[in-house]
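Listed in order, the protein sequences are those of chains C and G. So my numbering is basically just the index in the first sequence, starting at one, shifted up by 119. Number 329 in my numbering belongs to position 338 of the second sequence; there are no gaps in the numbering.
No false leads were slipped in.
Distance ranges between label pairs, derived from CB positions: (1) G/Val440 - C/Ala670: 45 to 51 Å; (2) G/Thr351 - C/Val657: 17 to 23 Å; (3) C/Gly668 - G/Asn(-7): 45 to 51 Å.
Calculated from the structure, these hints are not laboratory results. Cβ atoms here follow ideal geometry from the backbone N, Cα and C, with glycine treated the same way.
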Amino acid sequence: MIATLVLAPLVCGLAGLLLPMRNRPLGAGLGIAGAAVSLVLTVLLLAVGTRGQFSSTWARFGDLGVTLTALVDTRALLMSLAVTVVALCVQVYSVGYLAGDGRYGPYAAQISIFTGAMLTVVFSGDLISLLIGWEVMGACSYLLIAHDRTLPEAPAAAVKAFLVTRVGDVGFLLGIVLLGVTAGSFRITDVLAAVPSMSGATVTAAALLLLAGVAGKSAQFPLHTWLPDAMAGPTPISALIHAATMVAAGVYVVARLFPVFAASPTALAVMAAMAGVTLLLGALAATAADDIKRVLAWSTVSQLGYMMAALSAKAVDAALFHLLAHAAFKALLFLCAGSVIHAVGSNLMSRMGGLRKDMPVTFWTMTIGLGALIGLPPFTGFFSKEAVVGALHTQPALWLVALLGVALTAWYSTRLWLLTFFGPARDASVHGHEPGWTMLAPLLLLAVPAAGLGIGALVADYELAHLGVELVLPLALAVLGVAAAWWGWRRADSGDPAAVLGKAGPFLASGLGLDTVQDRLVVRPVRALSRAVTFVDVSGVDGAVNGLGRATTGAGAGLAAWHRATLPRALAGVLIGAVLVTVTAVVFA
Amino acid sequence: MNTSALLLAGSLAVPLLGAIAALLVRGRAGTVVASTAAVLTLLLTVPLILDRGIARPVGRSSALWHEVDWAWVPDLHLNLHLGVDGISYPLVVLTALLTVLCCGYLVWQRPERAHQLAALLLVIEVGILGTFLAQNLVLFFLAFEVVLLPMAAVIAGWGGPARRAAALKFALYTLAGSVLLLIGVVAVVTQTGTADIGVLTADSGRLSHDAQLWIFGLFAVAFAIKSPLWPLHTWLPDAHTEAPTVGSVILAGVLLKMGTYGLIRVGVGITPEGAAAFAPALGVLAVAAIIIGSLVCLSQVEVKRLIAYSSVGHMGFVLLGIATLNEIGLQAALIGNIAHGLLTGLLFFLAGAIKDRAHTGLLADLGGLRERQPWLAGVLGFAALGSLGLPGLAGFWGEAFAVVAAVRRDGTLWTVLAVLAAIGGALTAAYLLRLLRRVSHGPQAATLVGAPEARLPELVAWSPLVALALLLGVLPMLVLGLSAGAVAALTTGPMTP
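Please model the complete structure; the sequences and the hints are all you need to start from.
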């Protein structure tokens, strides 16, 4: 059953790639079917209570085996539920959102392959198969970011997304190899069992190497730069891959391999620092962006920082609780943003405004999503973010940063809400209208967990969802952020609260200039090195070969010319030779 | 004559007779005859996997599945001694398959004097299959040499504008390697009195330690030129850039593998102590090839030259696997060989298709392939993703487990090599994505306006490569399972570090 769960979308995806590209109904049908089968099977497995490890040999390299192992536990199944629900919503939503697209078949197929790859990561009980799912996700992300052929920046964004994560994956691969070789097996249960017997240096090295891959995938500083650019992909892709699932895979993998990280205080300290910087960086960059999708993307960076912060404080369940909550409300937010973009024809908030009346469903569902993002009760984010912040009490610095982040999150979320739905319409040519049912149904469906998952957890008496006095401080900060944004919105002539940022605005919106840093420190040196090496290879190595060839030809020609001697010189040569031979014979005789 | 003899001798005789027949028949019919011979050869090689017998390895020498041994020129220790085992079988089938695809491609593409080109491809096939099947060292050398001149003729006769210089460089450079190989072969045969590769491998003590050192040195240089190993690689970019599509496919797909195969079968097999002594140097050069090959690729401006240089990097992974001299590394090298043959063969087919359409290979003049040729662009995307080692496709296993093998070797040097190789993997992604961005993405280039989409015969030629790259990615044991026993036997004994 677990194999069918993972394989269904993969098979649908591979089949979809072979379809004629313009066959929309079949393409969409295959995509929806794949996600639906996985969703139904996930629900079934959750209901039946199937847990455990299912393993069989896959490949052998000498004494080192690679297994096909499924490790099914409640965490994996909940993650799978989130993945399949969002994937199904996105497949349905795309039918309406990409109504005029001439290449729907490959698009839907790539989403299916992505879904299968993500499920591989979720259930994988072997590091090698986990790596496979991990990389295939990245490849699908690359393909889907580049899908829109009308956007000139899309191909560059796709390449950037793939390469930045691939840099992290150098570490991820080495970390896996180190763990596998040291443990003598790539199976996760074997590796975790071997961790206590490994030397401290090995564990720390492995944990830090894995962390590099996690930072790439989960957009953590300094490998976060690809995520805002990835918004060049179609909005449903941003919802599925770049908000709800793939970027959360890093957090999930750290949770899955947590004993490795827990055994290394150094790795946890690095993780904490990384999380703190990322959390604040994302929130600050989100305050000034004009592109609605970039605001949400930076907010994703920031929220992933919260999850990593929880992990660094060993609060694994809090991190995963926030991961699931975030999957629900961030997917919802992106799909709402897609609905707005669909109506307005632009990503820029400076062209939006006053859409509340014309788009009531989008308005209310997005309000729920933003409420959850800010962490307002009774929405899901309130409980999950509190669980994270509460877990950070042991680390005062990180705790303060997280609290600051709460206020910033409230501020930029409110700004987005006000700029989009309130005030006068900034562009008279824009007529807001609700999209068709294929786009509205996913909004309504996702609004349910975004609004109610936390309450549900509270009712179910889940220990992480609770009410208490310690909730007052984050809540007060959130309210402060909302109020400040509202105040700024009322005061600013442009109607944009970001006016208060002044000249810092563009700098913040550019992601604190880190793209430039990356360009100067990495991209340009590699290019220069490439040119230099090519020069050496062509003129040095090949030049030596060609030079040898020319020298040989030249020597041959010289020798030939010398042989074409006139008779007297030839006679003289023979005589000299004879004399030399005689002298030699006499001397050595 | 028993079945083994029929299959083994037949897989050399059929392409040879096919080549002669193609030259006699001439014209399109000649190309069809050649293709038929290629198909027959494939049909003869595939069943070699059946009825494998239950022989166990003799010492380090693997048990041959099928074997035939006829005396030929006893004074030269030259026997027609052929055999196949798990190390050679995948390469044999790959060779036969690529030859079928190339001959079929010629039937469709109809270049000038296609029947001659097809005949040359069949002669090359005889040489390559002979190299992979030879169990006699002198025969191995002869087969190794048979390939050289026909390949140079393919480049010189059907190549691009600078074909003569490229063919000459290819011929002279690889001939230089052959001289060293000859000296090595002669040295082994005179010192031990036998040319039986199996006997020499089973009892490598027949050669003294010192003899093994210098003989392996000769072998290593000869095979390094063929593979090619940096810095002995510079014949390759010129040869590939000028060679016709089918020439590049055979060259990258299987001809380079003669080098790595020779290094495993002859170098590691017959002179294991030499291999152990030279392993660190080989590893360093292999990693240098990975890094330098990738960096050079990043600034290439021509599509075939770029793919040619990418072979330097990819074969670097294969050579790194061999250099580790452990089971993991040799297995990684073997599957890496096959994966590179499939994916680079496919990439050269695609590069040829693009050049045929755009009449240029310059990246600056290409672009927007996916606008009007989505299938062509799609297959190119697949090949590029496979070539950058995407897990789930064939290329992953060889590259990832070469790194595993290096980490397993332990010690600072090998750890550093593993890290550098992994970084090389990221660079590989960089240049292949650059290639896709230049060729597939962006606005449609003027050179591609009105160019046709991938045609059915082309898709037929490419689809087996696509399917096998995916199949091997999902089921690596198809190759690993075959070679496991032979590799385990080979890595025991005097070589163990």
